[in-house]
Amino acid sequence: MNKVWLIFKREFLNRVQKKSFLIATILIPMIFPAIIAVMLYIFQQQEQGATRVTVEVLDESGKIALENTDRYEFVPVSMPLEQAQKSFKETDHFALLYIPPFELSRPQGMQLFTKENVSVRREDEIAGIVEERIRVLKMTAYNINKETLDKLKTDVSIKSFNLNDDAGKESHTRLLSGLGFVLGILIYIFVLVYGMQIMLGVIEEKTSKIVEVIVSSVRPFQLMLGKILGIAAVGLTQFAIWVVLVSVLSTVTLRIFGFESDQQAMEQIAKVNTPGTEQIIMANPVMEATEFISELPVLYIIFNFAFYFLGGYLLYGALFAAVGAAVDSQQEAQQFNLPIMLPLIIGYFALFMFILPDPHSTASFWFSIIPFTSPVAMVGRLAYEPPLWQLILSQLSLIAGFIFTTWVAARIYRVGILMHGSKVNYKVLVKWFMMKG
Amino acid sequence: MDALIARGVTKRYTNHTALDQVDITIPERTIYGLLGPNGAGKTTLIRIINQIINADQGEIFIFGERLHQKHIGTIGYLPEERGLYKKLKVGEQLIYLAQLKGLTKKDATDRSKEWIRKFEVTEWWNKKVEDLSKGMAQKVQFISTVMHEPKLIILDEPFSGFDPVNAQIITNEILELREKGCTIIFSTHRMETVEDLCDHIALIDKSKKILEGSKKQVKDTYRSNTFVVDHKGQFAQLPPRYNLVSQKILEENYYRSIIRMSGDTNSNQLIRELTEITEVHSFVEKIPTMSEIFIKLVKAEKS
Numbered sequence: 005m006n007k008v009w010l011i012f013k014r015e016f017l018n019r020v021q022k023k024s025f026l027i028a029t030i031l032i033p034m035i036f037p038a039i040i041a042v043m044l045y046i047f048q049q050q051e052q053g054a055t056r057v058t059v060e061v062l063d064e065s066g067k068i069a070l071e072n073t074d075r076y077e078f079v080p081v082s083m084p085l086e087q088a089q090k091s092f093k094e095t096d097h098f099a100l101l102y103i104p105p106f107e108l109s110r111p112q113g114m115q116l117f118t119k120e121n122v123s124v125r126r127e128d129e130i131a132g133i134v135e136e137r138i139r140v141l142k143m144t145a146y147n148i149n150k151e152t153l154d155k156l157k158t159d160v161s162i163k164s165f166n167l168n169d170d171a172g173k174e175s176h177t178r179l180l181s182g183l184g185f186v187l188g189i190l191i192y193i194f195v196l197v198y199g200m201q202i203m204l205g206v207i208e209e210k211t212s213k214i215v216e217v218i219v220s221s222v223r224p225f226q227l228m229l230g231k232i233l234g235i236a237a238v239g240l241t242q243f244a245i246w247v248v249l250v251s252v253l254s255t256v257t258l259r260i261f262g263f264e265s266d267q268q269a270m271e272q273i274a275k276v277n278t279p280g281t282e283q284i285i286m287a288n289p290v291m292e293a294t295e296f297i298s299e300l301p302v303l304y305i306i307f308n309f310a311f312y313f314l315g316g317y318l319l320y321g322a323l324f325a326a327v328g329a330a331v332d333s334q335q336e337a338q339q340f341n342l343p344i345m346l347p348l349i350i351g352y353f354a355l356f357m358f359i360l361p362d363p364h365s366t367a368s369f370w371f372s373i374i375p376f377t378s379p380v381a382m383v384g385r386l387a388y389e390p391p392l393w394q395l396i397l398s399q400l401s402l403i404a405g406f407i408f409t410t411w412v413a414a415r416i417y418r419v420g421i422l423m424h425g426s427k428v429n430y431k432v433l434v435k436w437f438m439m440k441g
Numbered sequence: 025m026d027a028l029i030a031r032g033v034t035k036r037y038t039n040h041t042a043l044d045q046v047d048i049t050i051p052e053r054t055i056y057g058l059l060g061p062n063g064a065g066k067t068t069l070i071r072i073i074n075q076i077i078n079a080d081q082g083e084i085f086i087f088g089e090r091l092h093q094k095h096i097g098t099i100g101y102l103p104e105e106r107g108l109y110k111k112l113k114v115g116e117q118l119i120y121l122a123q124l125k126g127l128t129k130k131d132a133t134d135r136s137k138e139w140i141r142k143f144e145v146t147e148w149w150n151k152k153v154e155d156l157s158k159g160m161a162q163k164v165q166f167i168s169t170v171m172h173e174p175k176l177i178i179l180d181e182p183f184s185g186f187d188p189v190n191a192q193i194i195t196n197e198i199l200e201l202r203e204k205g206c207t208i209i210f211s212t213h214r215m216e217t218v219e220d221l222c223d224h225i226a227l228i229d230k231s232k233k234i235l236e237g238s239k240k241q242v243k244d245t246y247r248s249n250t251f252v253v254d255h256k257g258q259f260a261q262l263p264p265r266y267n268l269v270s271q272k273i274l275e276e277n278y279y280r281s282i283i284r285m286s287g288d289t290n291s292n293q294l295i296r297e298l299t300e301i302t303e304v305h306s307f308v309e310k311i312p313t314m315s316e317i318f319i320k321l322v323k324a325e326k327s
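Here the protein sequences line up with chains C and Z, keeping their order.
The numbering used here numbers the first residue of the first sequence as 5 and each following residue consecutively.
The numbering used here numbers the first residue of the second sequence as 25 and each following residue consecutively.
Check before you lean on any hint, since a few could be wrong.
Subject to a maximum C-alpha distance of 30 Å in a straight line, what follows is the list of computed DSS-like cross-link-like pairs (lysine-lysine) [to be verified]: (1) Z:Lys158 - Z:Lys111; (2) Z:Lys94 - C:Lys440; (3) Z:Lys232 - Z:Lys94; (4) C:Lys440 - Z:Lys232; (5) Z:Lys243 - Z:Lys204; (6) Z:Lys158 - C:Lys435; (7) Z:Lys256 - C:Lys22; (8) Z:Lys239 - Z:Lys256; (9) C:Lys427 - Z:Lys230; (10) Z:Lys94 - Z:Lys142.
If you are wondering where the hints come from, they were derived from the structure by calculation, not from laboratory data.
Remember, predicted model here, so these are calculated numbers, not experimental data.
With the sequences and hints as input, model every part of the structure.
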């Protein structure tokens, strides 16, 4: 065990002392918020800088009088459609909206002509504005006045409560799903990145020919284990630093910029999403998010995330170690990488298709129990606090899973690291696996 | 006591047998040459001694004890395919490798510094291996093989890639180590090394040991009672118990004859008889070189 510890220490210190580790560890937690901030900034700039465009309206029905908005100026024209199209082409106007005569009950046949391919958003916005206008017309037709309408207008927002929690705490489905998404992807990236590191490390030892010296001092299994655990410790260290950095950074950011700017940004988004309609009075989303985070079982999530990272990493890491031992170069390793990564990728797709839409479905259950997909799948469900027995079952099967893959990998590893220049395919791997000591 | 005894060591793979009932005995404080053509099974035997792989059958004893994990520190191994961690500094590397052999950190540090001084390369301590030349790296590898003071040192083709100067340094170290009481196993097919250094040899071919013994014993076994005689003036006839293998002219009236005697005569008698028929200038027994023995045996195995 002492030797595993030596190898563990060597692997850990070697990697942690590298400049690239320091840079990645410090930069990545900053890069993500920075990317989001930049996107938000560009988005805002675009909103503000978006020119107000002019839309010619050829209204043959005579019913639609459109009011100008921040983004649209409506200019009525009255001439036959063909002529209108021709004259529209000569202007620098954005679009020509053609409204044929129509029944209020069946508003059809409207056309939008533009000189370029119109964006989905613009199309939706204009359609929204017209719809709104028709609704008003309908109300008038049905003798509903605006006051009645305002009274009729209800804003139902369902707040869900998880009764299993003490005092039935309010749950936040959307935010939960967002969190599940982020955690699931993080695990996926973590397992791949660190799994690859194992493989590269093994290939390096093999190609630099140091390995035969090492295995004359330690058993191949000890070497493999020390390396896998050492790199795991690097990953966990990085993760721990990120947790600290992110929580410090976000606290500081919130303090400095306050809630105002965030709120403005959110409102901006809200406005864009519901053009033409009166802005729904929203609960302060930042407040809601803050409250959500404070209600989350943060320690529970961090602990389990770390568990699934470690478990998934050990499960896949062992396989990557076996591949590294089998091949002589990185290029050669590629043919084996895909089959290993496939279950992980399936887990990743399951995250989008089954787990996030319905974390408690049967599919979600199975994906989060099978050890090859559970690291991504169960982490996606973590924020929803899956039933304890499922969590335990999933974790036990993950432990069994990585013991199994480590066993398989060790048998291939011990033979592979001493083989040079042999052409390796699956048959050879099986032969090595079956080979006795 | 013998440094290493192997009895009936056998290793089989799916399609071939790498070692078949190999027995060897390596006396203590000797330099033991493990010879054999490529693929004969030398590396397999060495790996078994190093406990990198396990034998299917047979026993190995090291200094009288059955081979066990604890002997890892007793053995120093320099494989033929050797390397170092490229990104690691020389000092760190030596300390790490010595620690893996079971030394404490302090001992590992002290000894690696000692060896670095001995090889007069203290300035390498903080250099990364990738910045070293090949010869430098080989010295570092040699240090890492011997610095935990193993009693049994196994060197697989130790001189491949060494320039003559470094090869001489290493040779001196090896001789010095033997003086200090180490036993050295040499795996090689360089016969001049065997001729110069080895006290004992074993020849392995096609997974079987076909010859073992001290160098003198082996040579005695394969001496052919053949003599090389340089002489002035040709002679035509030899007594029938001698066989004139060949005779060629060196320069005018000077000849070199190769003569083989049959069993029950001795060299003195041959000289006496020769002096009567010709003027002998030199008389040397033709002792087979290790290389000749090697080739002869391996060829014999083939046919």
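Taking the hints in turn, this is what the structure says about them:
no., hint, verdict
1, Z:Lys158 - Z:Lys111, "holds (15 Å)"
2, Z:Lys94 - C:Lys440, "holds (22 Å)"
3, Z:Lys232 - Z:Lys94, "holds (28 Å)"
4, C:Lys440 - Z:Lys232, "holds (21 Å)"
5, Z:Lys243 - Z:Lys204, "holds (27 Å)"
6, Z:Lys158 - C:Lys435, "violated (36 Å)"
7, Z:Lys256 - C:Lys22, "violated (78 Å)"
8, Z:Lys239 - Z:Lys256, "violated (35 Å)"
9, C:Lys427 - Z:Lys230, "holds (24 Å)"
10, Z:Lys94 - Z:Lys142, "holds (28 Å)"
In the structure shown, a violation is registered for the earlier hints numbered 6, 7, 8, in ascending order.
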